[in-house]
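J.: Everything in the sequence shown is counted per this note's numbering, starting at 26 for the first residue and increasing by one.
Hints in this document: simulated from the structure, not taken from any laboratory.
Model, not experiment: these values are computed from the prediction.
Hints should not be assumed to be uniformly reliable.
Claimed, not checked - Result set (BS3-like, lysine-lysine): computed pairs, CA atoms no more than 25 Å apart in a straight line:
#1 105 - 174
#2 188 - 103
#3 75 - 138
#4 129 - 287
#5 129 - 75
#6 287 - 310
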Amino acid sequence: MIISSLGQGLLWAPLAIGVFITFRILDIPDLTTEGSFPFGAAITVSLMIKGQSAITATIVGFLAGCVAGLITGILDTKLKIPSLLAGILTMTGLYSINMHIMGKSNVPLLTQKVLTGYMPASLTVDMQTIMLGIIVVIIVMAVLYWLFKTRLGLSLMATGDNKNMSAANGINTDGMIIFGYMISNGLIALSGALIAQNNGYADIGMGIGTIVIGLASVLVGEIFLRGNNILVRLSAMVLGAIVYRFLLTVAMSLGFPADDLKILSAIILIIIICVPIIQNRIRTKRQLKKYLAQMEAEEDGNITSKTSAKSVLSRD
Numbered sequence: 026m027i028i029s030s031l032g033q034g035l036l037w038a039p040l041a042i043g044v045f046i047t048f049r050i051l052d053i054p055d056l057t058t059e060g061s062f063p064f065g066a067a068i069t070v071s072l073m074i075k076g077q078s079a080i081t082a083t084i085v086g087f088l089a090g091c092v093a094g095l096i097t098g099i100l101d102t103k104l105k106i107p108s109l110l111a112g113i114l115t116m117t118g119l120y121s122i123n124m125h126i127m128g129k130s131n132v133p134l135l136t137q138k139v140l141t142g143y144m145p146a147s148l149t150v151d152m153q154t155i156m157l158g159i160i161v162v163i164i165v166m167a168v169l170y171w172l173f174k175t176r177l178g179l180s181l182m183a184t185g186d187n188k189n190m191s192a193a194n195g196i197n198t199d200g201m202i203i204f205g206y207m208i209s210n211g212l213i214a215l216s217g218a219l220i221a222q223n224n225g226y227a228d229i230g231m232g233i234g235t236i237v238i239g240l241a242s243v244l245v246g247e248i249f250l251r252g253n254n255i256l257v258r259l260s261a262m263v264l265g266a267i268v269y270r271f272l273l274t275v276a277m278s279l280g281f282p283a284d285d286l287k288i289l290s291a292i293i294l295i296i297i298i299c300v301p302i303i304q305n306r307i308r309t310k311r312q313l314k315k316y317l318a319q320m321e322a323e324e325d326g327n328i329t330s331k332t333s334a335k336s337v338l339s340r341d
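Model the full structure from these sequences, guided by the hints.
T.: Given below as structure tokens:
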């Protein structure tokens, strides 16, 4: 169960990192996720069926996700459509596009060689999945770590921190937002391509609930790993994706049917969001009680000292 969760979590990690870029770096709720995820899967599987290699098809799937992000970014920045609505519009449009690409709602991979087929044949399927996931995660994290150390990456983070101040310092904030959308949805589509190959098919409905999975992975990762260093934050996303898949696997092993996977995802996200809030409230109440107790102790001490002073004066 742990081995399976580890492999699945690594394949879902690009999705978590993609959601992290828009949700945390740019502070934008991007619902394009639920369209770009199956978009990457549809492009990849369709190209593989037509004879393209898994590597080429996966790269094209990533680029297709970047195009989806570009569309949302233009709707948001140039047409001034609110980011939430812009994501919904792109997601809705991608549903029809995915249907045209696949030709039907579900397209299986039959004899095509998937990415795990390039791993050593002596390994088990789970170990091949883990090795593939590790390679992909290392490449993604290395490229993003390098990117966020460049002027372009720093401008992207500055735009997310304070858009007006960034614009005042000569940064093309609209361009940075569009770039963030593109990288985010490219990684999300990459995750869709990997999951489709792992499952052996692309399905029109495989993107439903992916935004919940991404947000849950981000929040879980931030619980376990905290820090301002970008490498730590990216590592937290990978860890969050793995832990989240493990939680789902545990829930399924307890007897929950597969049809309840989406509602389990929603429940887990609610718990993840509510637990820190409840902890903060409890911590605040404890600090308040401690403060009030100290104030009462100080008042009692002052009253005692005043009483003693009065008794001394009365004797005099």
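J.: Hint by hint, where does the structure go against what was stated? Just the numbers, ascending.
T.: 1 and 6
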